[in-house]
Amino acid sequence: MLATPETQTRRLEMPLLAFDQVSVAFGDRLVLHDINTSIRRGQAILVVGPSGSGKSTWAMLAAGLIPEPVEAKVQGTIWRHPDLERPGAIGYVFQDPESQFCQIRVGEEVAFGLENRRMDPDRMAEKIQNALHEVGLASAVDREHHTLSGGNKQKLALAAALALDPEMLILDEPTANLDGAATAAIFDQIEGLIQKGRTVVVIEHKFQDLVHRIPWVLLLNRDGSIHRMGPTQQTLAEEQDWLSREGLVDEAPAQRRRAAVPSSNNSLVVTLRGVSAQYHRWAPVALDGVTLAVRPGELVALVGPNGAGKSTLLKAMAGLLKVRTGDIQRPTAEEAGFGFQNPEHQFIFERVADELANHYIGGAIPEEVARLLQEFELAGHEWDSPYSLSQGQKRRLSVAVMVHRERRLYCLDEPTFGQDARTRRIIMERLQNRREAGAAVVISSHDLDLVRQYATRVIALEGGRVIFDGTPETLFKEPSIMCRARLVAGDFSGEDNRDPGHPPVFSSWTPRSRQSLLGRLNPAWKLLTVFVAVGLSAAANRLGTTIPLAALPILLLVGFSGVGIRATLRRVLPFAVFFAVYVWMMTAYAAVGPHTPVVHVLWYRLSYPGFMKGLVLGTRMLAAVSFGILFVSTVDLVDLVKSLSRQFRVPPKFSYGTLAGLSFFPRFRDEWNKLVLARRVRGKETRRSWTRIVTYALPILSDAVRLSERVAIAMEARGFRGPTTASANARTYYRASPSGWRDIVFFVAVVGLTVVALWH
Amino acid sequence: MQWKTRDIVLTAVFAAMCGAIYLGWDFLFKVVPIANPVASAGFNGLWWIAGGIVPFIIRRPGAALLAEAIGGFMEFALGSPYGIQAFTIGIAQGLGIELGFMLGGYRRWNLSWLLLATALGGIGNYVYSYFYYGVNAYSPAVQVGYLVVTMISGAVLAGLLSYLIGRGLKRTGVLQNFPISRDADRQAS
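As they're listed, the protein sequences go chains P and L.
First residue of the first sequence: 1, per my numbering; consecutive thereafter.
First residue of the second sequence: 1001, per my numbering; consecutive thereafter.
Looking at chain L on its own, in the form it has when it is part of the complex (with noise of 0.2 Å):
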């Protein structure tokens, strides 16, 4: 379970990709929510897919949480409309996808633990905006309906995506030395 040079390395080359797609995402839906709050938290997966793929590939300890940090820092510095709040809601996105993958004893990778720790993604993201973007102001219905859409996009965007990519490039033969690779022959996924 020790982290690698490589695995870090990879964390942060994926995790600023994944920045860089971030900020686009941020100018892409910014304009939604003018339509309907709930409706806007269908793009919401996405922003933490960093959590996704890095975990589903590297399985260490950790590797969701430094990834949506580095990620979300690199949305930041890129110049982000959240600005350093697209660093912090990172972190507690983050958070939210490393619950998950905790509660499988950081044994556990397949799709369907990918996809229940991602959309433990959107309960960081919820409670996030619970107190920084005014989730709380609105009624509760609103607020219920945000979550669970939230958390449906997260277990898509965020899970479903990172599954589809991590096995194409697994097949490729790219990732014979990460973990992902390793643990496949125990335990299918």
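Excised from the complex, chain P in its bound form (with noise of 0.2 Å):
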């Protein structure tokens, strides 16, 4: 049964937390003041503000994430009940999927937290299993995460929290950019954690489908101050006009949409006809066979589950991508616009009024410029950094920069995609004027409400085809479309979980060398090893004593490493192409006696002595790439990471934190042809952009500057804090690789084959 304010209040015991007079202010900037109230034992309340009201400061101060590691200024008094001291006591999922994990395996994520609260690492496997199980992501134990959906990341994180037993669960916008069946499924998580007493606070803007399930409410104003708290249906009920005043609900009842305004010539903007496209040669069709027309005037909406070919779809009617079949006619680049998800990719200035004027202002700002500023509330602003404002500033800028502009395609990706009720309504309200004056425009969107306001037709894709194409009034009368275009709730439970089949990008050993007998050693003692035996390989300076030495790791390769001969050779002859070059510098370059005979190539003194050196050198340096292919191709990042720390004592901070970084790599490939592409759909301006080198990457460093911080944060919820961060001792370690007389016999043996080789 649902839970209701009296069944809840008679449960509540303790206070776990309260506030008292408290205030915090970021730097001279005042967040939340007058802030008095206390979290019971047992309750569930939903917090609700507009952006800025200081909803997720005021989380991570119940979280104990503020004054440290989140730097603020903190006064008045803070009570915590004692349970909530040891970590991961209070469990926080965070907002964005992409940057809370800090491992590479799903299971290895879970277990981080308990590792950090040092639990027996032989019941760890249960209590992850029980985690994933709660949550539905069981069968996922070895995936790579990044390789999951962004409602199965939220999930993940539900369970890293959930497996550390939490007194408090604090989940803040947690369906912020998922799509419209991720979030019911992660609400009905909520509801389930509710129902079984859990103490449970909740941010969300789309509060709407949570009244009935969280019997309480907090109000946040605007200016960081608590605007009232109390059962939610009675107070949401009373708080009508504050929440229409803040812009929490949309007054505007829906507009009804206009139709299509008739183009006096009939003419299409854009004619695909039996499109086909794929990224590359073994990736799985993008786009399969897709033929459609888009007229002036008309608002496509392109629905969809993720991967369903929408933004393959929009780039290929903006021409930012080559197809591999079909014919498309479309306007000139110069008259398609097309905006990117992520804002950030699309700015090539660091003023907004730059960015808005897309040239360097000297003197006043002009009046078109400032009638923008006005138009997409961004006056004020005018001389900050693009990337120092929020998120649905920045989401306004960029649309702004494309829209001023008379096209008469505009192309937009998710163009409201984590936004609050305001921001939607500007962006979406241009967009419908730029259509009524007699453009096309075209989005990609997870949002229904937003398909029913403002499209005047709707595409279904799924798997590449278009599934439905037609108003949104027919649309909603089919609702096995919606389910599989993820517009609602479903049973997904097989297709979501199933594995796209990306191969792992961390590992790159098979079943087979993970077995072997180079693949079980201990990694830190292999690492070791070969930094040993590559050092002394500085002292070979005759082929008598480098062809052993290069002929040592080949060897262990093919007999100890499960690869197999035929893959080592593939692995290790490409470099003997570099090595030809040594030879040739050595040939060239090397100082020979006086006596020495050289043969004179253009300016080139070429000797015998040189080439014998260019040798030695060649088959050293392949004696230290194959050690080097040895230790890749037999070695697991993480379980290097962990024995680093545990059988060398690395403090914990450093390999944990280093491996979190590391952890984020394949996004970072993905984010550059990202901003490739972006920084072409800006066309000429950008064409002198090599000249501001620093500029450019600027869109992709300042995402990985906040992408760090964002990681340390949610390391330090799940208990990465204090001793377990400084010593090895001070943590456990789930599946570590345990180390032992093979490591020396593999150590003793190596090295000193090595040294006889040198010296024999």
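In short, the hints are calculated from the structure, not lab data.
One thing to keep in mind: the hints can contain errors.
[To be verified] Calculated cross-link-like contacts (lysine-lysine; reagent style PhoX-like; alpha-carbon spacing at most 25 Å):
| no. | chain 1 | residue 1 | chain 2 | residue 2 |
| --- | --- | --- | --- | --- |
| 1 | P | Lys674 | P | Lys322 |
| 2 | P | Lys477 | P | Lys206 |
| 3 | P | Lys674 | L | Lys1170 |
| 4 | P | Lys127 | P | Lys196 |
| 5 | P | Lys196 | P | Lys206 |
| 6 | L | Lys1170 | P | Lys73 |
Dock the two chains into a complex; use the hints.
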């Protein structure tokens, strides 16, 4: 049964947390003030307030993440129940599903918190399975989590928190980046937790669906003070005026869409005939025989699950993508605009006003720019860096840059993704104006209300094919299509959990090499062994020593790594080309005695002793490279990091912190590709951008900085603070590789053989 | 001067990206030495830019060494033609840079110290190349030329570039919780 305030009040006994006249400031900016609340055990609270009202700050304060690691000035008194002091006692699920993990595979991620609590590693597997089972991810335990969908990532974050038996759970806009179906699934999880009597705090701007599920509500004012706290349904009913004044509910009832403006010459803006696309030869088909036409005066919404081909179709329409087959007729690059999902990708200037004007503004702000600043509610920020704006402001800026020029076609990828009601309305009204003026607008969206309110036509995609093309009204009458397009919840458990077939990125080894003699060795000892052997190789200065040195790792690879002869050769041989360069270098440049015969070719003086030196150098490098291949072919990154701490006492802060950073490598590879594309869209303004190399790289670098900060906060929220970060002994290790006599034997044998080869 | 978790994560993220750049640089400039080793040294500096940008932002003892070790390791793991030597030379270059900041007592991080430190990174590169890449076989004149050009290259490609990136990034406001933003008030850089 649903929890009600009355049933909950009876269960509430002890307060867990109490604030007394608390205020929080970041630098000079006061974010929260006059905070007097308490949270009781078993209480479930929904936190509602406009953007910038300090909801997240309040939540991080409650979680003990302020003033450290999130630095802020805090005044007033905060009382905490002693139960909240142990690591992981407060579980925290953050808004961005991409930046709260620090390991590589699903199971390890859950284990991270358990390690911080020094749980016995033998008990971890069961605990992990239980937590994953609770959120429906049990089958994914060995998958690399960067391949999970956004919704499943949030479920994993929830499982990681639940595994720690938290006294209190805080969910900070957990569904802001999710589609309708995933949102519904997360809301069901939340409801389940409340019914089990957990203390839960949920910040959510799509709160309408939670009103009946969360008994208490806390309303925050724009200035960072508490407006009211009380039983949810009653309070929200009484505060309708306040809610609409703060822009938390859409006050304007859905405007009737006007029919598409009939175009005088009835021309088409874009026509696609049998278009198929693929990102590379091995990738699944992104578009599969799509045929459609878009007319002026249409606002087309593309819907469908992640990976259905929505972004690809938009790119194909805007001319950003070479299609494999089919025929596209579209406006010129000048007449088509494209808006990326991440607004930062489109910024090419360092000030908001320059961005709007599309050139550096020397003196006063041109009238045109001033008008845009007003229209998109960016006034007052004209000299700020675009990167320093809030999410909503960034999005408004990127849309302003794109729509202020008249074009025939506007393509926007998720223009209202994660935005509050106000920004969403500003953006959609501008697009609607463009449409009414006769342009065609195509957007992708997961937002059902947006489709209902603004779209004149909906195209649903699945697996690169069009499964629906018609008016929103018709779509709403087809529940099965709605479900397949993931606009509403349905039974996805089977589909959603399936492995999309991404090959693992971080582990190059096969089960065979894992089971091999070398694969079972301890990674840290193996690194040390390889390090010493390669270090000693500097002393090798004749072919008689360098050839055996190169043979040693190759023989080890062939014999004991499970890689096999063919694969070994395939990995080693490409390097031979590079050693030819060294042979040439030495032949041409080595210093030789005065009486050595040399051959003059062009301005080079080639000598035989130099050639021999080159061969020695080349084989020596072959030895080093082969030792390297031996190492990477038989080591897993996570195992390496853990054993650096366990065997060699590297403070976990450094080993786990580094692992967290490295785990984001695939993300930045993708980001880079998107950035290159986005720069192409801005076209001629960016043509000379290589001269401003720093500005060019800013979107990726600023993303990297923010990501590092968020990840570090998420790690600390899971108990990675205090002694467990400083001392390798103060934590336990899940699936740690043991070390033993085998490693000693390997070390002695490899180093011994190297020494023998050097001084025989 | 205590390292915070976010400093380490930032080091790893930046260094890993630099590792990918190093790899591209490996392939781009692998052929230049054919023409002339001294000329090729002019490109060396970019191989320790992680050791410039990371300490410039986070300003911790050991930052250059850690960044270069991770960058080199990533370069190696991604398939550098230098193999595991990409990792070991990274450590050598990192130690060179570290020496520069150590001379400044880990309190001076302005442009001149950044240029000095990244130039010293060139000494790390030289020493390693002397023993492992056959620089010892060149005539003394070529060796001196190699060293000088390498150090200048380090100051420009690893030092000056890091300074420009760090300053540009600071202007965006995302670095406000990192030492680069705090120290700037006390010390004109």
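Hints and how they fare:
1. With a C-alpha separation of about 15 Å, the suggested pair Lys674 (chain P) and Lys322 (chain P) falls inside the 25 Å cut-off, and the hint holds.
2. The straight-line distance between the Cα atoms of Lys477 (chain P) and Lys206 (chain P) is roughly 24 Å, inside the 25 Å bound, and the hint therefore holds.
3. Among the hinted pairs, Lys674 (chain P) with Lys1170 (chain L) is consistent with the structure: their alpha-carbon atoms are about 23 Å apart, no more than 25 Å.
4. For the hint pairing Lys127 (chain P) with Lys196 (chain P), the CA-to-CA distance comes to about 18 Å; that is within 25 Å, so the pair holds.
5. The straight-line distance between the Cα atoms of Lys196 (chain P) and Lys206 (chain P) is roughly 23 Å, inside the 25 Å bound, and the hint therefore holds.
6. Simply put, Lys1170 (chain L) and Lys73 (chain P) have alpha-carbon atoms about 22 Å apart, close enough for the 25 Å limit, and the pair holds.
Violated hints: none; the structure is consistent with every hint.
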